[in-house]
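**Student:** Chain by chain, the residues run as shown.
Number of protein chains: 4
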Amino acid sequence: MNYLWSGRFSKQLHDLAKRFTFSIEIDKRLALFDVAGSIVHAMMLMKQKIISESEGKKIISGLKQIRKEIKSDTFVFKADDEDIHTAVERRLVELIGPTGGKLHTARSRNDQIVFDEKLYLKQILPDILGAITIFQKTMVTKAERSLGIFLPAFTHLQPAQPVLLSHYLLAYVSMLERDKKRIKDALTRTNISPLGACACVGTSFPVDPEYVAKKLGFDGVFNNSIDAVSDRDFILETVCCLGILMVHLSRMAEDLILWHSPLIGFVDLPEEFCTGSSIMPQKKNPDVLELIRGRTSAVIGNITGIFSLMKGLPLSYNRDIQEDKRFLFETCEISYLSIVIITKIIEKTEVNPSRMSQTCRLGYIEATDIAEFLARKGIPFRQAHHMVGKLVEEAEKKGILLKDLKESTIKKITGCSDAVDFIRQLDFEKSINLKASHGGTSIGEVKKELKRWKNILN
Amino acid sequence: MNYLWSGRFSKQLHDLAKRFTFSIEIDKRLALFDVAGSIVHAMMLMKQKIISESEGKKIISGLKQIRKEIKSDTFVFKADDEDIHTAVERRLVELIGPTGGKLHTARSRNDQIVFDEKLYLKQILPDILGAITIFQKTMVTKAERSLGIFLPAFTHLQPAQPVLLSHYLLAYVSMLERDKKRIKDALTRTNISPLGACACVGTSFPVDPEYVAKKLGFDGVFNNSIDAVSDRDFILETVCCLGILMVHLSRMAEDLILWHSPLIGFVDLPEEFCTGSSIMPQKKNPDVLELIRGRTSAVIGNITGIFSLMKGLPLSYNRDIQEDKRFLFETCEISYLSIVIITKIIEKTEVNPSRMSQTCRLGYIEATDIAEFLARKGIPFRQAHHMVGKLVEEAEKKGILLKDLKESTIKKITGCSDAVDFIRQLDFEKSINLKASHGGTSIGEVKKELKRWKNILN
Amino acid sequence: MNYLWSGRFSKQLHDLAKRFTFSIEIDKRLALFDVAGSIVHAMMLMKQKIISESEGKKIISGLKQIRKEIKSDTFVFKADDEDIHTAVERRLVELIGPTGGKLHTARSRNDQIVFDEKLYLKQILPDILGAITIFQKTMVTKAERSLGIFLPAFTHLQPAQPVLLSHYLLAYVSMLERDKKRIKDALTRTNISPLGACACVGTSFPVDPEYVAKKLGFDGVFNNSIDAVSDRDFILETVCCLGILMVHLSRMAEDLILWHSPLIGFVDLPEEFCTGSSIMPQKKNPDVLELIRGRTSAVIGNITGIFSLMKGLPLSYNRDIQEDKRFLFETCEISYLSIVIITKIIEKTEVNPSRMSQTCRLGYIEATDIAEFLARKGIPFRQAHHMVGKLVEEAEKKGILLKDLKESTIKKITGCSDAVDFIRQLDFEKSINLKASHGGTSIGEVKKELKRWKNILN
Amino acid sequence: MNYLWSGRFSKQLHDLAKRFTFSIEIDKRLALFDVAGSIVHAMMLMKQKIISESEGKKIISGLKQIRKEIKSDTFVFKADDEDIHTAVERRLVELIGPTGGKLHTARSRNDQIVFDEKLYLKQILPDILGAITIFQKTMVTKAERSLGIFLPAFTHLQPAQPVLLSHYLLAYVSMLERDKKRIKDALTRTNISPLGACACVGTSFPVDPEYVAKKLGFDGVFNNSIDAVSDRDFILETVCCLGILMVHLSRMAEDLILWHSPLIGFVDLPEEFCTGSSIMPQKKNPDVLELIRGRTSAVIGNITGIFSLMKGLPLSYNRDIQEDKRFLFETCEISYLSIVIITKIIEKTEVNPSRMSQTCRLGYIEATDIAEFLARKGIPFRQAHHMVGKLVEEAEKKGILLKDLKESTIKKITGCSDAVDFIRQLDFEKSINLKASHGGTSIGEVKKELKRWKNILN
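Chains as they are written, first to last, in this note's numbering: chain A, 1 to 458; chain B, 1 to 458; chain C, 1 to 458; chain D, 1 to 458.
Calculated directly from the structure, the hints in this document are not laboratory data.
All of these numbers come straight from a predicted model, not from anything done at the bench.
Errors might be hidden in some of the hints.
[Stated by the list, open to error] The calculated lysine-lysine pairs, modelled on BS3-like cross-linking and capped at a C-alpha distance of 27 Å, are:
{"no.": "1", "chain 1": "C", "residue 1": "344", "chain 2": "D", "residue 2": "11"}
{"no.": "2", "chain 1": "A", "residue 1": "390", "chain 2": "D", "residue 2": "325"}
{"no.": "3", "chain 1": "B", "residue 1": "49", "chain 2": "B", "residue 2": "28"}
{"no.": "4", "chain 1": "C", "residue 1": "58", "chain 2": "B", "residue 2": "377"}
{"no.": "5", "chain 1": "C", "residue 1": "390", "chain 2": "C", "residue 2": "377"}
{"no.": "6", "chain 1": "C", "residue 1": "28", "chain 2": "D", "residue 2": "325"}
{"no.": "7", "chain 1": "A", "residue 1": "411", "chain 2": "D", "residue 2": "325"}
{"no.": "8", "chain 1": "A", "residue 1": "344", "chain 2": "A", "residue 2": "142"}
{"no.": "9", "chain 1": "C", "residue 1": "180", "chain 2": "B", "residue 2": "180"}
{"no.": "10", "chain 1": "B", "residue 1": "398", "chain 2": "B", "residue 2": "411"}
{"no.": "11", "chain 1": "B", "residue 1": "448", "chain 2": "B", "residue 2": "430"}
[Said to hold, decoys possible] Here chain C is said to cover these stretches of chain D; the calculated rule only asks that three of the stretch's residues, wherever they fall, bring their Cβ under 8 Å from a Cβ of chain C:
{"no.": "12", "region": "105-118"}
{"no.": "13", "region": "268-281"}
{"no.": "14", "region": "293-306"}
{"no.": "15", "region": "309-321"}
{"no.": "16", "region": "339-353"}
[To be verified] If the Cβ cut is set under 10 Å, some of the chain B residues that face chain D in the computed set are:
{"no.": "17", "residue": "155"}
{"no.": "18", "residue": "258"}
{"no.": "19", "residue": "283"}
{"no.": "20", "residue": "311"}
{"no.": "21", "residue": "312"}
{"no.": "22", "residue": "313"}
{"no.": "23", "residue": "320"}
{"no.": "24", "residue": "363"}
{"no.": "25", "residue": "390"}
Each residue gets a CB set at the ideal place from its N, CA and C atoms; glycine is no exception.
Given these sequences and hints, build the entire structure.
**Tutor:** See below:
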């Protein structure tokens, strides 16, 4: 078999070496991008008179035929197709003869693969961005409908202070807004074309890299050919950004898994996103969410992998870098599917408002309000905090609520007679609406946030 | 569609949820292990009279039919096969009717999957051990044939002291011996059967876990059903052990990549394990070795992934754990293939002894011998070291070898007239044979090692 | 300043380079091990007549003085002490003059540092093993006292089947038993002395590595000098083993954090291992457990770090390897402290048995028992499972327990009249005792396990 | 001892728990930031009349006193200082009495710690950016002075094509320009103040978060209090960005370590950034560069650690998050020091131009030029590539250069008589200047790049 490179070789590549080096299985998903890039490369070669017009047209029509075959799933990969570039060039020569061998003029697989990977990202990252926006809109709609529902906010998985469910949901909208910004920035940095760098030093042909870049919507071209073929920053950065997104989704998954447990019972997850047990007939397990949490680990593994891969490689290209795709594709696909699926789950999850509000009764959740009340009366906050600590200790000992403490006890501990009334009348909605500071959980602040998000997202 | 678990569900599983939760693509390689385990499970059910003899025989014959189908690649996976266990049970019912539904008696997928994974490891780990032994034998043979070849040992990629090539090669034999021991220990700990733990609490059927374990060559059975289904230590440990093995292979790959560079030129790698460049016709690249180095990063990513996956999961089984296979299978397969392929490369690599010995001339590599000589003459080693440092500085300034330093210079710096003779007559082979301490590089010590290894490996 | 190595250098080490290369801050904890090793090295040099008896005695008495200074915290590290070996040798020369410079005869920092690290591990790993045993004993005692308490076992954080608390606690005893075995195996592989390998090729002095090894309790000595100074397997393996241990502790921490949440309320953590909030006076947060969970991530980071560090390093020693200590020490110290502290927490945690048993009422936890009952009546398990699924659906719709379903409903769905009685009389203790299979949760099996553990641990 | 939170607690914190939970050792470096933030917080409380003017002034003057103590290193940390916030408040109360207890009004440690960490990043990230600019300027200067020097560019550590050293150096300038952009984007996203979110729900005090934010140069304030205290994106993102920077520096370190090896001999590293061996007097090791490469692994470990830490944490704050600082500080400090030190090394490294150009003679590095020449003559590139492959095979067999091949051989293989002349006259400088495509290595293109960089950097 002749490979793209086998001119000087007198021995055949060992079968094990083939199995070990061939990347076609993973590369396949780059097929359409490879062809799209090759068409524009051929147009450029033609425009620059590096190949003749008739050669160019022949090549382009061959490539279009290949594109059709790929789309209709009739393209046949062969055992000796080393990678996607080889497969396409091999088929091209089958279709149009030796002229096909002119396509690789002024190009190396070193710049071509970066080009293909960037075309892939130019498609999937906007898809992910779109999916995040749908997630955010779903959350905002849900938040708007949940304005009357309250639950404890948790710190350390302990009830902390009462909070509107809407406020809770909007926290995730804020979080994922940062993801969008990060992904957009990563996309901007990705959007620089490497084509024309060739193996690593440029070429003696009068190529026009700007032309190729513009035709495919790149913002600019590389400035240093060595850097262009060595650089995988765009993959490192993408994988990191998606890793942060997945961390967010894993946290949301954790919240929902907890809330769906009958022990907590805040929500009932949609049946069509749960599965059961092969032995226990009663189970309705939050499997999809557990897998989002679990696959976050796969993404973290990919981050580790790509960093460990690139660390300490000398310039310029080394074959190790081929492995970048393993980490990239899996990460992109997990991320896209996870954001889409969690949106569907959110949409159909049913909330149990009475269970949520009941649990506000656990754990003396109104204690901070009392401490802040005392502080407003002039007691240094640190002392106020200690006084309320004592009230809680007292109530806990007796197994009663703070509002059921004796007047004398409250007065004795706080030294503040107004405190009695404040404590007696305090309920969870009042507590929530006391948090009228910017970004707080009062209904006024939450409504402001809802309005802001609707403006941003529409 | 009915799943193993769908009795209580009134809604169909969402298509996205299917795509997200189904593991059949990855599971497939467990097919034969799953069937093997199921046959023994059925035998046990029959023996314990949990199912009747005729039911048992029917089930076993169905399973054998399935095994045939899998081996001949005629087993058809269906779109609704959630995982390998489901696929097998579905086909069993197709073949033998509702009796097939009795196979899952006294068993859950929770214990079954651990069982299947362990059967997989009981096959692939011995394969890896065997491949390491072949590697070691190849190295020992190579080392035996290389007794006359010397090169600089490196520290910090700087020539340190002259060393026999055989000594260098045997370093890798020692290294991989530790891998074998670690893998054997991991295998011992893996070799405990979990079957009978069911979902997590055991079962009300009078099962005989010992019987199943013995039939399939396990050393024993679990003692705590909750632990049995929660535990993935055997995967964590296996992945770590193989990670260490891959670190070793990556170091060897690095050495060979360096040595194959024309700049260094110590070896010429076999053509059938090199590939070329699509643009640069002269290239003969060490791609396979670069990929071994690169895939070590994939394995490191898998280690990170499985640790991050298991961290902080509450007992007992959680669906996140399904993802363990992603990390395990890839790691095992990379490791096995890497050790096999690097053995083939070693076998056929040609060494350039004259280039190796020439480079001993670089970098005043005999300096330590001189310092040790002076120390033997009674000069505190620290001072001897400083004196030789001065000799090197002097020689470097003049651009000459140490043996070409003037007698007076040597005497002035060392204050030791014997030093002149010692320095003048010192050559690399003498230097090597001076290292006659245990485990050192002298020919005597190396021959002892060769003998030791041949005893161990045969 | 003169360093151990500066003979040939005419320029001073740059201040930034010092700050960057000096490892003394981290090394400090090796001080006593370095001195202990040096004393035995000096004894060996003396025994082998490489140094004279009087020199040897002088050196040893100097080293003993240094040991005293270190123990009494009066040893003064100086700004130019590059590492612990340098600091000790510098002080030795201060104390006994130039003879101190003879200590480094037939030794390099390359073998010495491995030696020191191994001495460190020979101390801390047994400490960790001891702490695990105390943990196990505490758990066994706790389990013995908890035989009457039951709770739901969870899968997917959903109640699965009722289980004895003792069975649950013993799951952790089993888990950590594997840790002990792994750590012991790691220790065995660690316990091979590298001293005598020198820089990487051995030495021309007639050293006796066996003597040194025996004196310090090593099981044997290295066989290949290059391997001896390049090898950090013992660190990779230790860090992995402790990583698995930490994964176990993090899972236990997660369980306890969940159980301590007022939403679940299974346990009340001891106040002296909780902290509060600076603003919310009522909080009693499980901080220590959260930190165990969090520091597991530090350990996972260390595993990644050490693997990434060693990957692809050419033989033999490279300075990168100095960083191994960063990962090793932190991992050992986190692990040791975590196991000790979680034992104390377990000891003092109060269980709420009534809350535990109440929650067995959630989620139709007895469903599997009914399915197994039907299967014992001859219905294929798969069908029995579906029938009970229907019962659960029916009961859920009506918001009632399974035992409150109408007789006619039960008969209609199961077609089995005995089922009615079975369902009506089923309670959680009966359910638990049905699991009398080996390793199951029945009281009989759990008592067997308790006995087994008491034998092993005493 | 009273902690900030101990009002409700009747037992003392266990000593082990203290040792385990206290973070003061790591926090210390936040001291000045904590005080700076507290001063502005006090100003805001005063402005909003939450505390009186006299109270405010007292508090601020106390804080200024504390700042002085910290700067002069006279601030005494006490055994019971839980964290930096506690230490400062404790000292404040010592200095000004119970009024000090008013400082914590309308603030929680949950928002305060994020605030402190962000202030830290607002200082160190610009420092790192500045250091990168100095690196770039140093490289541009070096590149400008190296215009006459050429060497082989490498792919797979094999000589690929001749290249100007300047082009090589500028590749690193391009690389680190992307780091600057990424770090700036991260800084923008970091520069949002969380103060006012309190524990997680906002506060009942009429705070003015905008005021605080503006005073300390933040671009804006948080919009959702739950998100504000849960979010560690700014740390995840920073650590990733610096990880990519370190990957770049590790690659450069690898290049320089290779080049400094006497086997390659391209450069001579400055003595003041090398160290020697304790046993081998001749060694001049590239330790600092090896440590840059090695510490890249520490940073990769930190990335893994922080991702694993944050994965799956429920909202809002959990104590695990305290560990973020462990990863953040080390990463920032390694990165800053590495970039500063590698700049110094570059500045003083001496290049060996004749050794560089000599090695262009290795490996038939001009082969691509010939293939491109043939392609320009109309031969499809793929065929041209194969022809030159044959020329190389022929020359290799004979052990001669391509230009020394017989005319007849060249004609026979290429079928192109012009090829003979082209091959005969080809030299490395001609080859370099043929690469006149955009971003290529021709002197013209490199001069353009130099000009572009000088404009950007000045």
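**Student:** Hints first: check each against the structure and report whether it holds.
**Tutor:** So, going through the hints one by one against the coordinates:
Taking the CA atoms of residue 344 of chain C and residue 11 of chain D, the gap is near 15 Å; set against the 27 Å cutoff, the hint holds. Under the criterion of a C-alpha separation no larger than 27 Å, the hint pairing residue 390 of chain A with residue 325 of chain D is inconsistent with the structure, at around 33 Å. For the suggested pair residue 49 of chain B and residue 28 of chain B, the alpha carbons sit about 31 Å apart, so the restraint of at most 27 Å is broken. Using a Cα cut-off of 27 Å, the hinted pair residue 58 of chain C and residue 377 of chain B holds, with the two alpha carbons roughly 19 Å apart.
Distance check on the hinted pair: residue 390 of chain C and residue 377 of chain C sit about 18 Å apart at the alpha-carbon level, within 27 Å; holds. A distance of roughly 23 Å separates the Cα atoms of residue 28 of chain C and residue 325 of chain D; the hinted pair therefore holds under the 27 Å criterion. A C-alpha spacing of about 42 Å is found between residue 411 of chain A and residue 325 of chain D, which places the hinted pair above 27 Å, so the restraint is violated. Restraint check for residue 344 of chain A and residue 142 of chain A: the C-alpha separation of about 12 Å stays at or below 27 Å, so the hint holds.
Distance check on the hinted pair: residue 180 of chain C and residue 180 of chain B sit about 20 Å apart at the alpha-carbon level, within 27 Å; holds. Annotation: proposed proximity of residue 398 of chain B to residue 411 of chain B holds, straight-line Cα distance about 17 Å (limit 27 Å). As the CA atoms of residue 448 of chain B and residue 430 of chain B are separated by approximately 18 Å, the hinted pair is consistent with the 27 Å bound. A count of 4 residues in the region 105-118 of chain D with a Cβ less than 8 Å from any Cβ of chain C is obtained; the coverage claim is therefore met, three being the minimum.
Counting residues of the region 268-281 of chain D whose beta carbon lies closer than 8 Å to any beta carbon of chain C gives 12, which meets the minimum of three for the stated coverage. Evaluation of the coverage hint for the region 293-306 of chain D: fulfilled, as 13 residues show C-beta separations to chain C shorter than 8 Å, against a requirement of three. Coverage of the region 309-321 of chain D by chain C holds. Counting CB-CB distances below 8 Å, 5 residues qualify, and the rule asks for three or more. Check result for the region 339-353 of chain D against chain C: holds, 3 residues qualifying (beta carbon to beta carbon below 8 Å, three or more required).
Interface restraint check for residue 155 of chain B: the shortest CB-CB distance to chain D comes to about 7 Å, inside 10 Å, so the restraint holds. The beta carbon of residue 258 of chain B comes within 7 Å of a beta carbon in chain D, closer than 10 Å, and the hint placing it at the interface holds. Taken as an interface hint, residue 283 of chain B checks out: its beta carbon lies about 6 Å from the nearest beta carbon of chain D, inside 10 Å. A hinted interface residue such as residue 311 of chain B counts as satisfied when its beta carbon comes closer than 10 Å to some beta carbon of chain D; here the least separation is about 6 Å, so the hint holds.
With a cut of 10 Å, the hint placing residue 312 of chain B at the interface with chain D holds, because the nearest CB-to-CB distance is about 7 Å. Annotation: interface hint on residue 313 of chain B holds; nearest CB of chain D at approximately 9 Å, less than 10 Å. At a threshold of 10 Å, the smallest CB-CB gap from residue 320 of chain B to chain D is about 9 Å, leaving the interface hint in force. This hint holds: residue 363 of chain B has a C-beta 4 Å from the nearest C-beta of chain D, less than the 10 Å allowed.
Because the closest C-beta pair between residue 390 of chain B and chain D is about 8 Å apart, less than 10 Å, the hint holds.
When held up to the earlier numbered hints, the structure conflicts with 2, 3 and 7 and fits the remainder.
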